[in-house]
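**Q** With the hints as constraints, model all of the structure from the sequences given.
Listed here are the chains, written in short residue letters.
There are 2 protein chains.
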Amino acid sequence: MSLYFSEEHSAETVNARMGADVDPRLKTVMAALVRHLHAFVKEVHLTQAEWEVAIDFLTKTGQICSGERQEYILLSDTLGVSMLVDAINHRRPPGATENTVFGPFHVAGAPERAMGDCISLDGKGERCLFEGRVIDLHGEPIQGARIDVWSDNSEGFYDVQQPGVQPKWNNRGIFTTGADGGYRFIGIKPVSYPIPDDGPVGQMLGHLGRHPFRPAHMHFLVTAPGFQKLVTHTFVGDDKYIGSDTVFGVKQTLVAPFEHVRDGDIVWRSPFDFVLTPAAA
Amino acid sequence: MSLYFSEEHSAETVNARMGADVDPRLKTVMAALVRHLHAFVKEVHLTQAEWEVAIDFLTKTGQICSGERQEYILLSDTLGVSMLVDAINHRRPPGATENTVFGPFHVAGAPERAMGDCISLDGKGERCLFEGRVIDLHGEPIQGARIDVWSDNSEGFYDVQQPGVQPKWNNRGIFTTGADGGYRFIGIKPVSYPIPDDGPVGQMLGHLGRHPFRPAHMHFLVTAPGFQKLVTHTFVGDDKYIGSDTVFGVKQTLVAPFEHVRDGDIVWRSPFDFVLTPAAA
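Top to bottom, those sequences are chains A and B.
Per our numbering, the very first residue in the first sequence carries number 260; after that it's consecutive.
Per our numbering, the very first residue in the second sequence carries number 260; after that it's consecutive.
Treat the hints as calculated values from the structure; they're not laboratory data.
Some hints could be false.
Copies of the same chain look alike in the list, so a pair counts if it fits in one copy or across any two.
[As the list claims (entries may be wrong)] 27 Å max Cα-Cα, derived DSSO-like pairs, lysine-lysine: (1) Lys-286 - Lys-448; (2) Lys-383 - Lys-488; (3) Lys-499 - Lys-319; (4) Lys-427 - Lys-448; (5) Lys-427 - Lys-383; (6) Lys-286 - Lys-499; (7) Lys-301 - Lys-286; (8) Lys-488 - Lys-286; (9) Lys-301 - Lys-488; (10) Lys-488 - Lys-448; (11) Lys-448 - Lys-383; (12) Lys-499 - Lys-427; (13) Lys-427 - Lys-301; (14) Lys-427 - Lys-319; (15) Lys-499 - Lys-448.
**A** This is the structure:
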């Protein structure tokens, strides 16, 4: 193969340029990236004008990022890349609860709560009892599992999106299971909300005929000694966006029941068991 | 196929989300992009930590861009994408002069010069006579061809990189062919230089064991009514970077003779004919 560029051997020419002492994993990743990138350009016969649009889009996507905004994660999310990376790194045995994307709204250090406590502090929304068990693959209860939960409020905003408007730690809390592995807390039935869509990613979604909404969901981060960390949501099945989550976070097994009940001010009940995978699996 | 995400059908799920009224070309390009991007992630089994490095790199590459700096074009250049886009959009018949990358240093409106004029205004470097003809595929001279030329100075900088240091329009000029199609001007034998390597792209090159240099070259933009625009360089064949241009701009047919001569203060002669392709081809 020539040292010089040719359309036919374009990717090989680029990859042959890497040094002998390059980290082997970096070499593997970059060589594959170049091959796929060149294959894409060739397949669609990308025009010069389209290349210019791409350069402009990538530049603007970087430039809108700030301490409070990560547009490249949004881009990764809306192209399904974040879910794909999550999926291939968290393959689970049958019966284990599946992972989904972590999302940008988790905050470490939420208050520890007692079972049965209410995490909704702003008095808004329809109260919902979340309950179930944390169990292993054999159905045995897991004692000492920490369940870190968070959701938006009834207006579709997380507390960190509205500092000074929502009470601190609104719709957040950490619960620890006892010997029966059970958990039980009161929150609200979550509501769907749009991802930030006033930047390049929002424009892209518009051009692609896509909406920016996520279907209503409750976040769970469940950890227990000897088990894999579980990062997941439960979803409200009758949400209008359940089949079109703009970040592709929904999995069939994560759609939870939300049953209408009437128990004081509680109007919904969402039972869901979390099945953890052994750390060694 | 399910509406919900699965590792197996990840790209198809993302692409199925595009609306019915989306511009067909955009649909084709984005669907291919998503397919290739997902194939890349799957092939290398990208880890969560590597994904985070990628997000950070893409963000920083956008954030260093300014009115004077376009790091995403550098990234495209150094991954061979710019040359590939150029190549697939400028396939030429055998015998026609090949294109190469335009580069960021062309400035419109350079002075019109008379044949034989000298474009080197700073008195530095080794003087070189550039001469030849602009001809068609049958070897017939093309009258009225405009030849817009530019190069770095003997220290490896274009005039626009050193405003106030170099004379304005140093090593730039526009020449128009007469009935014989001939051209002739005096410049300097160009020298190799590094692309800006103090940003994310320079760091990437470092990790890949690659240098940031371009081999010495003279830029030519040749236009004539009825012919395709030719954007090209001629390269100095014995440059130490001729086989490792960091932007992959070198093509075998663009390596020009640089003959040592002694004609007054002229010490080099670089003969090269430009063969234009009919606009209809």
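**Q** Within a copy, between copies, both or neither: where do Lys-427 and Lys-319 come within 27 Å Cα-Cα?
**A** neither (33 Å within a copy, 32 Å between copies)
**Q** Evaluate Lys-286 and Lys-448 at a C-alpha cut-off of 27 Å and name the case that applies: within, between, both or neither.
**A** Classified as neither; 47 Å inside a copy, 36 Å across copies.
**Q** With 27 Å as the alpha-carbon cut-off, assign the pair Lys-448 and Lys-383 to within, between, both or neither.
**A** Close inside one copy (10 Å), not across copies (75 Å); limit 27 Å.
**Q** When no copy is named, should Lys-427 and Lys-301 be tagged within, between, both, or neither for a Cα gap of at most 27 Å?
**A** neither (52 Å within a copy, 40 Å between copies)
**Q** Within a copy, between copies, both or neither: which one fits Lys-427 and Lys-448 at a CA-CA cutoff of 27 Å?
**A** For Lys-427 and Lys-448, only the intra-copy Cα distance (19 Å) is at most 27 Å; the inter-copy one is 68 Å.
**Q** For Lys-301 and Lys-488, with the copy left unspecified, which applies at a CA distance of at most 27 Å: within, between, both, or neither?
**A** Answer is between; shortest inter-copy Cα gap is 22 Å, intra-copy 41 Å.
**Q** 27 Å Cα cut-off: does Lys-499 pair with Lys-319 within a copy, between copies, both or neither?
**A** Neither: 31 Å inside a copy, 37 Å across copies.
**Q** For Lys-499 and Lys-427, with the copy left unspecified, which applies at a CA distance of at most 27 Å: within, between, both, or neither?
**A** Intra 29 Å, inter 63 Å, cutoff 27 Å: neither.
**Q** For Lys-499 and Lys-448, with the copy left unspecified, which applies at a CA distance of at most 27 Å: within, between, both, or neither?
**A** Answer is within; shortest intra-copy Cα gap is 14 Å, inter-copy 67 Å.
**Q** Have a look at Lys-427 and Lys-383 and pick one of within, between, both or neither, based on CA distance no larger than 27 Å.
**A** within (14 Å within a copy, 67 Å between copies)
**Q** When no copy is named, should Lys-301 and Lys-286 be tagged within, between, both, or neither for a Cα gap of at most 27 Å?
**A** both (22 Å within a copy, 16 Å between copies)
**Q** Given a CA cutoff of 27 Å, do Lys-488 and Lys-286 count as a within-copy pair, a between-copy pair, both, or neither?
**A** Intra 30 Å, inter 37 Å, cutoff 27 Å: neither.
Of the numbered hints stated above, those contradicted by the structure are hints 1, 2, 3, 8, 12, 13 and 14, listed in ascending order.
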